[in-house]
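Whole structure, please, built from the sequences with the hints as guidance.
Listed below, chain by chain, are the residues.
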Amino acid sequence: MAEVVFEQASRIYTPGAKPAVDRLDMTVADGELVVLVGPSGSGKSTALRMLAGLEPIDAGSVKIDGRNVVDVPSKDRDIAMVFQSYALYPSKTVRDNMAFPLKMRGMDKAEQAKRVNDAAELLGLTEYLDRKPKALSGGQRQRVAMGRAIVREPQVFLMDEPLSNLDAKMRVQTRSQIAGLQNRLAVSTVYVTHDQVEAMTMGDRVAVLRDGRLQQYATPSDLYDHPDNAFVAGFIGSPAMNLMDLRRTGDGVSLGGSEIPLARTIRDAAGSSDTLTVGVRPEDLSLESDGGGIKAVVDVVEELGSESYLYAHMAEHPDTTLVVRGPGRTKVRYGETIAVRVDPDALHVFDATSGERVGG
Amino acid sequence: MAEVVFEQASRIYTPGAKPAVDRLDMTVADGELVVLVGPSGSGKSTALRMLAGLEPIDAGSVKIDGRNVVDVPSKDRDIAMVFQSYALYPSKTVRDNMAFPLKMRGMDKAEQAKRVNDAAELLGLTEYLDRKPKALSGGQRQRVAMGRAIVREPQVFLMDEPLSNLDAKMRVQTRSQIAGLQNRLAVSTVYVTHDQVEAMTMGDRVAVLRDGRLQQYATPSDLYDHPDNAFVAGFIGSPAMNLMDLRRTGDGVSLGGSEIPLARTIRDAAGSSDTLTVGVRPEDLSLESDGGGIKAVVDVVEELGSESYLYAHMAEHPDTTLVVRGPGRTKVRYGETIAVRVDPDALHVFDATSGERVGG
Amino acid sequence: MATSTEARPTTSSSGPEPQEPRSASRTGPVLLTVVTWIVAIGFFFPVLWMVLTAFKTEQDAQTDPPTLAFTPTLEQFRTVFDAGIGPYFANSLGATVISTVLVLLLATPAAFALSLRPVEKTQDVLFFFISTKMLPVVAAIVPIYVVVNDLRLLDNIWTLVVLYTAMNLPIAIWMMRSFFLEVPSELLEAASIDGASLGRTLREVVLPIVSPGIFATALICTIFSWNEFFFAVNLTSANAGTMPTFLVQFVTSQGLYFAQLSAAATLAALPVILAGWVAQNKLVQGLSFGAVK
Amino acid sequence: SGAGALGAEEGVETVTVAIVSNPQMEDAISLSPQFEQEHPGIRLRFVSLSENEARAKITASVATGGGEFDAVMISNYETPQWAQNGWLTDLTPLMDRTPGYDPGDFLPTVRDALSFQGRMYSVPFYAESSFLMYRKDLFAQAGLTMPAQPTWQQVADAAARLDDRSRGGNTAGICLRGKPGWGEMMAPFNTVVNTFGGRWYDPQWNAQLTSPQFEQAAQFYVDLARAHGIAGGSQAGFSECGTAFSQGNVAMWYDSTSAAGTVIDPEESRVVDQVGFAAAPVVATPSSGWLYSWSLAIPKTSPRVDAAWEFMSWMTDKAYVQRVGTQLGWESAPPGARNSTYDSPQYQQAAGAFADTVRDAIQRANPKQPTVQPVPYEGVQFLRIPEFQDLGTRVSQQMSAAIAGQITPAEALEQSQEYATTVGESYQP
Amino acid sequence: MTSTLERPPAEAGPPPAPRTPGPRSTRSEGWVRRAPLLPALVFTIIITQIPFLLTIFYSLQSWNLVRPGSQQFVWFENYVSVFADSQFRGVALNTVVMTVGSVLVAVVLGMVLALLLNRHFVGRGVVRTLLVTPFLITPVAAALLWKTTLLDPTYGLVNFLLSPFGVGDVAWTSSYPLVSVMVALIWQWTPFMMLLLLAGLQSMPSDQIEAARMDGAGAWAIFRELTLPHLRRFIELGTVLGAIYLVNTFDAVYMITQGGPGTASANLPYYIYQRAFLGFDIGQSAAMGVVVVVMTIIVATFALRLVFTSFGAAEEN
Ligand SMILES: Nc1ncnc2c1ncn2[C@@H]1O[C@H](COP(=O)(O)OP(=O)(O)OP(=O)(O)O)[C@@H](O)[C@H]1O
Ligand SMILES: Nc1ncnc2c1ncn2[C@@H]1O[C@H](COP(=O)(O)OP(=O)(O)OP(=O)(O)O)[C@@H](O)[C@H]1O
Ligand SMILES: [Mg+2]
Ligand SMILES: [Mg+2]
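Those protein sequences? They're chains A, B, C, D and E, same order as listed. For the first sequence, my numbering assigns the number 1 to the initial residue and increments by one for each residue that follows. For the second sequence, my numbering assigns the number 1 to the initial residue and increments by one for each residue that follows. For the third sequence, my numbering assigns the number 1 to the initial residue and increments by one for each residue that follows. For the fourth sequence, my numbering assigns the number 1 to the initial residue and increments by one for each residue that follows. For the fifth sequence, my numbering assigns the number 1 to the initial residue and increments by one for each residue that follows.
Since the hints were derived computationally from the structure, they do not count as laboratory data. Take these hints with a grain of salt, some might be off.
Calculated pairs, DSS-like style, for lysine-lysine (alpha carbon to alpha carbon, straight line, at most 30 Å) [claimed, not checked]:
| no. | chain 1 | residue 1 | chain 2 | residue 2 |
| --- | --- | --- | --- | --- |
| 1 | A | Lys18 | B | Lys75 |
| 2 | A | Lys132 | B | Lys75 |
| 3 | A | Lys132 | C | Lys282 |
| 4 | B | Lys92 | A | Lys134 |
| 5 | A | Lys18 | C | Lys282 |
| 6 | C | Lys121 | A | Lys103 |
| 7 | B | Lys75 | A | Lys75 |
| 8 | A | Lys18 | A | Lys63 |
| 9 | B | Lys75 | A | Lys134 |
| 10 | B | Lys132 | A | Lys75 |
Have a look at this one:
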């Protein structure tokens with residue numbers, strides 16, 4: 001039972017400088033898992049630390065379960081946290097690191113051991129339980145940090161990039177275990193990640209931060225399909241959405257010589273603006289083999305095995321670049337000219353100045 | 001001009017325990033960028049540290065440019081390294097951190113400043129140049145670590161997960177900058193990463209480590225298309241390849257009731273083994289809308305926006321699970337039964353006991 | 001003799017053995033090692049000489065030129081023991097141990113409050129503590145004597161305990177604070193997230209990390225208390241005399257019995273030397289490696 | 001351990017004694033179990049400190065009424081002053097009622113020095129004067145003879161003759177104390193000043209340190225120490241000189257009579273059989289030896305007067321001398337206090353080489369009129385005023401600097417005159 | 001559900017003022033923070049300030065312990081004579097030279113030794129043991145040891161060892177009194193500095209040094225650029241503690257030179273000792289003590305707050 005509410009919460013590290021977290025308003029419903037994303041330095045860790053009571057709240061408030069916790073010391077907030085920097089106890093073994101929060105809560109030894117062993121098992125740390133942190137690899141340390149959080153059943157989980165140093169396989173596995181655990185315990189969780197897949201798959205909702213400000217707070221698919229502004233559009237999705245400032249022509253916008261029609265609602269909403277920022281995701285661009293579509297020259301081909309990405313520039317406007325998703329084994333090579341078709345329904349249109357979404 | 005050779009190089013941290021790096025044989029050609037991947041704790045960092053001269057080489061040797069460097073102190077090896085733990089100098093500002101290697105080489109002040117500014121620009125650190133590392137976010141610190149390496153023009157670059165704490169967008173951007181820089185300077189580079197995309201796109205070759213042993217060392221597409229063993233097959237690609245132990249039947253193997261034919265060469269190579277480990281990547285499984293194919297029940301649907309992954313189990317063998325790639329906006333939901341078709345040409349077959357690839 | 005903690009773990013495996021990073025030039029380190037040894041022996045030599053002198057007769061103790069050839073005698077030690085070293089030793093031990101424990105008990109939380117979780121006016125408080133050491137003891141001894149006399153606490157070991165505690169407290173606080181500042185603040189944060197109270201954070205997280213610093217502090221307090229002379233000589237008489245007061249009775253005005261004095265000094269220093277040798281091994285353990293990224 | 005109050009057994013009194021850790025006192029401690037045996041109701045505890053510590057501590061304790069001690073060892077410097085201050089118990093009645101104690105046996109000069117207004121306030125344990133020790137062998141070699149009462153000029157000449165260091169030897173001419181301290185260099189130096197006719201104050205308490213006699217004396221002392229004294233003369237004290245003399249590195253030594261035992265002790269000395277003894281050299285006075293005595297007193301604060309006296313009388317009794325002589329050897333017997341000691345044939349046999357010279361020196365010492373002209377103070381090697389410890393030490397520091405060659409004797413005295421003037425003013429009406 | 005918070009900049013109010021560092025401190029939180037400090041603080045105040053106040057009280061009196069009845073209030077007369085005393089100034093200067101010189105040399109030597117010991121080599125434990133020993137010897141004994149067996153002009157080892165070089169008969173304690181005392185002090189205090197700095201060195205994260213080695217830094221550069229900044233706090237600590245102790249050195253002066261010749265090697269504690277224990281002039285010595293405290297506080301305030309940045313900067317990393 002813990003609903004977490006940020007109310008106009010701000011944190012300013014250096015007086016006079018711009019806030020690291022700026023009037024954040026965000027509610028994490030009880031049992032919800034919220035993923036916090038944003039560029040490096042956008043205030044994600046700071047937000048977590050405010051919630052954990054490790055940073056003073058310079059304005060606004062933070063509430064857990066309706067209670068303003070601004071004056072509650074960390075240790076009484078019943079929060080488990082995975083630090084971005086791990087913060088392992090160097091003089092304790094892995095086992096003691098993980099058992100520490102349980103010991104602090106006076107849990108009996110047997111139960112402690114059981115929980116630690118379970119968590120170690122889950123994280124593949126069983127054979128390292130008696131080592132000190134300094135004799136572990138980076139990923140192993142990170143897993144210990146994770147373990148120290150998940151042995152508990154706190155009111156709130158805070159995880160600051162808990163899987164960044166794990167390999168893909170382990171990450172996928174741990175991710176689903178965390179999700180499972182979180183689900184089972186119904187613990188409200190705030191999860192910071194840089195991994196697009198994690199962001200899209202784990203969160204009930206995703207909050208996008210930029211320069212300390214919340215940009216959008218919505219479900220992953222909402223975020224992907226209806227980014228509120230050009231920043232979110234460009235930030236969510238990898239490779240990023242192609243965002244181009246295009247001139248308006250008649251019923252649409254002009255791209256590489258051809259006109260792409262815009263829906264009526266958008267046209268109306270856009271009003272009289274001359275230029276619009278138009279976004280289209282790489283997967284919404286298709287390669288035309290029959291010569292139609294927009295012409296582009298390939299700069300780089302990234303082959304990922306299951307798919308490939310073609311980085312290209314407009315044949316006629318070398319400044320406008322495009323990323324197009326191709327099949328796993330593409331024949332296209334550097335320097336070739338390709339023809340690209342845009343799905344007009346998949347266009348995202350933003351105001352060129354404010355970046356706000358135009359129309360639906 | 002620097003070719004790096006590991007010759008049967010080993011490192012044992014604890015006498016009696018198994019080596020962290022075990023008789024590693026690997027050559028990094030001059031100017032090549034080799035990506036080192038492997039599960040957490042597989043010895044990647046250790047291998048880098050051996051090359052850097054930070055870890056003794058307990059057996060074998062390491063050569064740079066044909067010269068055995070076992071006795072050459074780190075500082076004379078002319079290697080730039082990004083540490084997994086950053087290892088920033090806490091008492092120096094970001095600027096001084098980045099300028100340090102240049103200063104050590106007696107470069108003149110103006111040139112130092114220029115290079116530092118360029119690197120800071122590249123990494124988006126310009127506004128933080130006068131801060132101490134302590135006042136930076138995790139990702140910013142990591143970028144400083146990166147910057148400290150790239151200001152130099154060393155013989156060898158070693159990068160230990162240099163982008164793990166950056167957001168997708170910045171990562172993509174930095175990745176291509178590193179690749180560009182590496183290309184331009186033609187510096188031999190060993191790059192450790194957990195990011196599949198990085199592994200597949202950046203490296204001229206990829207080395208896969210497991211428990212200190214080299215599993216395969218090949219180009220990314222080779223690795224993806226022809227994994228040498230089941231471990232590599234399962235490790236490369238995300239989501240991972242579906243690996244199933246299947247019973248042989250006549251000309252193929254039996255999966256979910258239907259028989260999947262195997263090529264003649266494979267059948268021959270497999271000899272008389274009863275069971276084979278068969279792998280198929282999620283993208284090589286296609287959803288059949290016409291009811292044919294193997295039946296599976298969906299457990300989880302992961303929607304990533306541009307695509308989705310369906311985690312399912314065989315309708316008839318609940319223990320056999322499958323991941324299938326679907327389109328970005330799939331209608332399939334939890335509990336539904338789907339029909340999956342396997343592309344027989346895309347099968348990877350491994351010996352069930354040794355895990356070695358069978359046939360081509 | 002002292003043992004070295006750096007001894008490598010003995011290996012039993014037949015595989016390649018781990019080793020320190022090899023370095024390019026072998027002569028550099030060897031030279032440094034030789035220099036280090038020479039300096040160490042140079043520093044130790046006076047002490048060695050003192051110990052040797054303790055085994056000489058008075059006549060051998062002062063010869064020109066100094067001689068190494070002498071027949072060792074236990075005479076001097078016998079004299080010293082005959083003078084009744086026992087109670088002095090016991091008093092010293094009591095005053096030293098109790099005051100050092102007290103100092104650590106008082107200084108640890110105080111240093112914590114002045115470093116990791118700083119209170120307001122930390123600087124002023126620190127300054128106050130150190131300023132209490134600025135009054136020369138010789139100037140304050142008469143007032144102290146008067147107070148102690150009024151309290152009827154002359155020649156009482158507890159008087160020394162209290163004074164030694166007060167005398168060492170500022171140093172201990174300053175030293176410990178410096179070591180505490182080495183603890184990454186993230187660890188404290190982690191501990192508070194993990195629900196550790198202040199006391200437990202100190203005990204379970206901070207102290208293990210700074211234990212070399214604690215040992216250094218304890219050692220230094222022990223040395224200062226053990227060797228403290230001025231309070232001891234002025235505030236004690238028959239009951240609570242400590243080793244240094246015992247020692248000065250061998251500084252006679254009728255010629256200096258240096259061999260005897262050496263024997264007494266050797267005996268007086270022996271406990272701290274042993275304590276020092278034991279404790280200083282603890283000073284060389286890594287602190288917070290692997291804690292944070 | 002011994003925390004808290006004195007452990008009190010039923011009916012047993014514990015007497016705490018502060019003493020100076022000289023060999024004779026150590027002997028007393030080692031014999032004290034016999035006293036305890038003979039006096040089952042009394043237990044002894046000794047606080048034995050080196051001279052400087054002892055003096056400081058005892059003074060502080062007695063002056064502030066600390067009451068830690070029942071018996072304290074002090075000297076003829078303190079006794080009359082403290083008696084005047086009312087800090088000490090009058091011992092005369094105690095002596096009188098103690099059978100066989102025989103205070104009349106004390107050497108008269110010593111008894112006087114420990115009395116105030118005709119009553120004794122401390123009893124002497126031993127006493128000393130100063131005299132000249134010299135190497136008979138070296139004198140013989142050089143064809144010199146030592147007069148029984150040498151003059152300083154004779155001594156200086158002999159020193160110059162015997163100093164062979166300029167000829168590549170390592171024997172210095174004479175050892176004179178140069179170490180700062182009122183009890184160190186100031187003692188022999190003051191005797192030289194006195195016999196040169198110098199004085200610290202005229203009867204009106206005007207400082208006289210820059211008078212010609214005083215300057216002459218200082219010049220003489222410094223010159224002699226610098227020219228023919230031992231190396232590092234400004235740091236030479238009783239023990240440094242003692243070592244040098246015992247090791248055979250110096251031909252003459254002017255110092256305390258208490259040194260006699262050491263220089264003829266084969267355990268400590270290499271020149272046992274070569275030592276001759278002569279009276280303290282003179283110039284203008286008939287004698288110049290100092291007078292010093294370590295004695296025991298009972299602070300007024302002590303509630304255990306009888307027990308303390310019981311012990312003190314035991315330790316300063318004739319019988320004690322006998323006891324030491326028979327049990328520890330006659331050369332260890334405390335000298336200088338009692339005539340009977342010198343009358344003992346055993347003592348004469350053990351200390352015959354110097355015994356009479358010493359007794360003579362002590363008896364000739366003249367604290368009442370130390371120099372030629374009248375002075376307002378008493379004392380030979382010290383001025384019996386409370387300020388002298390400090391004043392003497394300060395002056396000795398100046399003199400020591402002169403011996404080190406850092407300043408001239410005249411400069412040293414000029415500075416000293418200032419110190420002395422300040423002190424003198426506090427005595428002028 | 002979806003909320004856009006992108007506001008035009010004009011609308012944004014002034015940024016809220018930051019709070020003082022540390023979580024918001026309420027009254028109770030403040031006391032929680034202060035609580036651990038209080039026992040030590042209260043103890044120190046009670047034990048040290050009562051004698052100090054008494055010292056001040058005595059310093060306003062003319063009182064000679066051995067002249068009973070001399071006790072009377074004279075206000076600042078004692079202070080006047082302290083400042084009028086030219087020797088006091090000379091002695092104060094000696095104190096400064098002795099303290100500063102000994103501390104500096106000890107710190108530098110201690111640093112060198114700590115660095116030498118911070119390596120792996122044969123017999124490191126033994127060497128460390130040998131090196132700390134001088135600090136463990138009772139200062140009185142150490143001073144006598146120096147005076148009698150080492151610096152004695154005739155029997156001293158120093159002259160003996162130097163005699164092959166033709167400087168065999170220097171009367172160290174009278175010719176170079178200050179240096180003699182300082183040598184003994186340095187000998188005792190170098191191990192202290194070494195211990196402190198060694199403990200400091202041990203706390204230096206190894207990965208920084210590794211990084212520096214990769215960056216091409218040699219031993220000296222690592223020392224200058226990394227070790228020194230890291231050790232700064234410990235150097236300052238050693239300097240402060242060493243200075244505070246050495247300002248109050250008494251035994252070495254008393255035993256080795258008696259402050260002489262003249263007052264060439266006398267320092268303030270010795271000078272005060274003379275007043276207090278030879279002159280028994282309690283008022284004078286108390287006044288000198290107070291003057292020393294005040295002077296030390298003034299010097300220390302400057303040293304600590306201006307030269308050293310320990311106070312403010314320590315918190316910064
Ligand atoms: N100092 C050490 N002492 C003992 N064992 C160590 C030490 N450092 C690393 N190891 C062990 O060696 C193995 C390899 O470690 P290494 O750091 O090379 O792994 P890695 O591949 O970099 O892993 P990660 O991806 O988690 O960083 C691990 O099992 C680790 O526990
Ligand atoms: N102690 C500090 N003092 C001053 N500024 C700080 C401090 N810590 C962080 N900052 C600044 O505050 C901003 C937000 O930092 P924060 O750590 O919250 O970022 P983040 O979103 O977690 O970034 P990352 O993804 O890189 O970890 C950054 O610009 C950072 O430089
Ligand atoms: Mg962060
Ligand atoms: Mg690693």
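Hint by hint, here is what the structure shows:
1. At roughly 40 Å between alpha-carbon atoms, Lys18 (chain A) and Lys75 (chain B) are farther apart than 30 Å, so this suggested pair is violated.
2. Straight-line distance between C-alpha atoms of Lys132 (chain A) and Lys75 (chain B) comes to about 29 Å, which keeps the hinted pair within the 30 Å bound.
3. Under the criterion of a C-alpha separation no larger than 30 Å, the hint pairing Lys132 (chain A) with Lys282 (chain C) is consistent with the structure, at around 18 Å.
4. Under the criterion of a C-alpha separation no larger than 30 Å, the hint pairing Lys92 (chain B) with Lys134 (chain A) is consistent with the structure, at around 24 Å.
5. Restraint check: the Cα-Cα separation between Lys18 (chain A) and Lys282 (chain C) comes to about 47 Å, which exceeds 30 Å; the hinted pair is violated.
6. For the proposed pair Lys121 (chain C) and Lys103 (chain A), the alpha carbon gap of about 34 Å is over 30 Å, so the pair is violated.
7. Between Lys75 (chain B) and Lys75 (chain A) the alpha-carbon distance is near 45 Å, which puts this suggested pair outside the 30 Å criterion.
8. Of the supplied pair hints, the one linking Lys18 (chain A) and Lys63 (chain A) holds, its CA atoms being roughly 24 Å apart against a limit of 30 Å.
9. As the CA atoms of Lys75 (chain B) and Lys134 (chain A) are separated by approximately 23 Å, the hinted pair is consistent with the 30 Å bound.
10. For the proposed pair Lys132 (chain B) and Lys75 (chain A), the alpha carbon gap of about 29 Å is at most 30 Å, so the pair holds.
Going down the numbered hints, you'll see the structure goes against 1, 5, 6, 7, while the others check out.
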